[in-house]
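A.B. asks: Sequence:
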Amino acid sequence: MTKKMESSVPRPRRRPNRVNVRFTAEEYEHVQRQARLANVKPAALLRELSMGSCLTPVPQLPKEVFRTIRSFGGNLNQLARQANMGNGSPKQVEALRSSVDDLLRILLH
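When we follow this note's numbering, the leftmost residue of the sequence shown carries the number 930, and every step to the right adds one.
Calculated from the structure, these hints are not laboratory results.
There may be inaccurate statements among the hints.
[Stated by the list, open to error] Here are the computed lysine to any residue pairs in the SDA-like style, where the Cα-Cα straight-line distance is at most 20 angstroms: (1) K992 - G1002; (2) K1020 - D1031; (3) K1020 - L1037; (4) K992 - A967; (5) K970 - Q989; (6) K1020 - L1032; (7) K1020 - K992; (8) K970 - P945; (9) K970 - R944; (10) K1020 - L1036.
[To be verified] Label-pair distances were calculated between CB atoms; the ranges are: (11) Q961 - V1029: 34 to 42 angstroms; (12) Q1007 - E955: 45 to 53 angstroms; (13) E993 - R962: 19 to 27 angstroms; (14) N946 - G981: 14 to 22 angstroms; (15) L1005 - E955: 44 to 52 angstroms; (16) V948 - L1033: 44 to 52 angstroms; (17) G1003 - L1036: 15 to 23 angstroms; (18) V948 - G1002: 36 to 44 angstroms; (19) Q1007 - R943: 39 to 47 angstroms; (20) L1008 - E955: 49 to 57 angstroms; (21) K992 - R965: 12 to 20 angstroms; (22) K992 - D1030: 37 to 45 angstroms; (23) V948 - G1003: 42 to 50 angstroms.
Only a predicted model underlies this, so the values are computations on that prediction, with no experimental measurement involved.
Using N, Cα and C, we set each Cβ at its ideal position, and we do this for glycine too.
Turn these sequences into a full structure, and let the hints guide you.
C.D. replies: Here's what the structure looks like:
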């Protein structure tokens, strides 16, 4: 589950103009790799860079991290729901704290 980069370039409805660019094999692979890291198509990568945007690669996280984040989100939603109904409990808060600790342990090691 990855998120695409946020574009700083307004997206027009159509892009009728085209620019053809030639790359060496090494340059082409570099563009492809950077586009994969940013989770965008190569054309979008080059468009953003040409307009002066600074792109940040999307981190590739292990499935274990996503499972922990999902668990954390589920616990947080349950706790929020209970708190909004006036039924929050210390046990639920501890479960959430434990999930946060698990997530930090995975991310920091």
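A.B. asks: For each hint, tell me whether it holds in the structure or not.
C.D. replies: Structure-based check of all given hints:
Between the alpha carbons of K992 and G1002 the distance comes to roughly 15 angstroms, so the proposed pair stays at or under 20 angstroms and holds. Distance check on the hinted pair: K1020 and D1031 sit about 17 angstroms apart at the alpha-carbon level, within 20 angstroms; holds. At roughly 26 angstroms between alpha-carbon atoms, K1020 and L1037 are farther apart than 20 angstroms, so this suggested pair is violated. For the given pair, K992 sits about 19 angstroms from A967 by alpha-carbon distance, which is consistent with the 20 angstroms threshold.
Distance check on the hinted pair: K970 and Q989 sit about 17 angstroms apart at the alpha-carbon level, within 20 angstroms; holds. For the suggested pair K1020 and L1032, the alpha carbons sit about 19 angstroms apart, so the restraint of at most 20 angstroms is met. The suggested pairing of K1020 with K992 is violated, with an alpha-carbon distance near 27 angstroms, which exceeds 20 angstroms. Of the pairs offered as hints, the one joining K970 and P945 holds, with about 18 angstroms between alpha carbons and a cut-off of 20 angstroms not exceeded.
Proximity of K970 to R944 is assessed by CA-CA distance (about 15 angstroms); at most 20 angstroms being required, the pair is judged to hold. Note on K1020 and L1036: the hinted pairing is violated, with a Cα-Cα distance of about 25 angstroms set against a maximum of 20 angstroms. Checking the proposed 34 to 42 angstroms range against Q961 and V1029 shows it holds: the Cβ atoms sit about 37 angstroms from each other. For the hinted restraint 45 to 53 angstroms between Q1007 and E955, the CB-CB distance of approximately 51 angstroms keeps it satisfied.
Checking the proposed 19 to 27 angstroms range against E993 and R962 shows it holds: the Cβ atoms sit about 24 angstroms from each other. N946 and G981 have their C-beta atoms about 18 angstroms apart, which keeps the hinted 14 to 22 angstroms range intact. Look at L1005 against E955: about 45 angstroms separates their beta carbons, and that is inside 44 to 52 angstroms. Checking the proposed 44 to 52 angstroms range against V948 and L1033 shows it holds: the Cβ atoms sit about 45 angstroms from each other.
At roughly 18 angstroms, the beta carbons of G1003 and L1036 sit within the given window of 15 to 23 angstroms. Distance hint for V948 and G1002: a CB-CB separation of about 42 angstroms, consistent with the stated range 36 to 44 angstroms. A C-beta distance of roughly 46 angstroms is found between Q1007 and R943, which places it inside the suggested range of 39 to 47 angstroms. Distance hint check: the CB atoms of L1008 and E955 are about 51 angstroms apart, consistent with the given range 49 to 57 angstroms.
A C-beta distance of roughly 18 angstroms is found between K992 and R965, which places it inside the suggested range of 12 to 20 angstroms. Judged by the Cβ atoms, the range 37 to 45 angstroms given for K992 and D1030 is violated: they are separated by roughly 19 angstroms. For the hinted restraint 42 to 50 angstroms between V948 and G1003, the CB-CB distance of approximately 47 angstroms keeps it satisfied.
The structure shown violates the earlier hints numbered 3, 7, 10 and 22.
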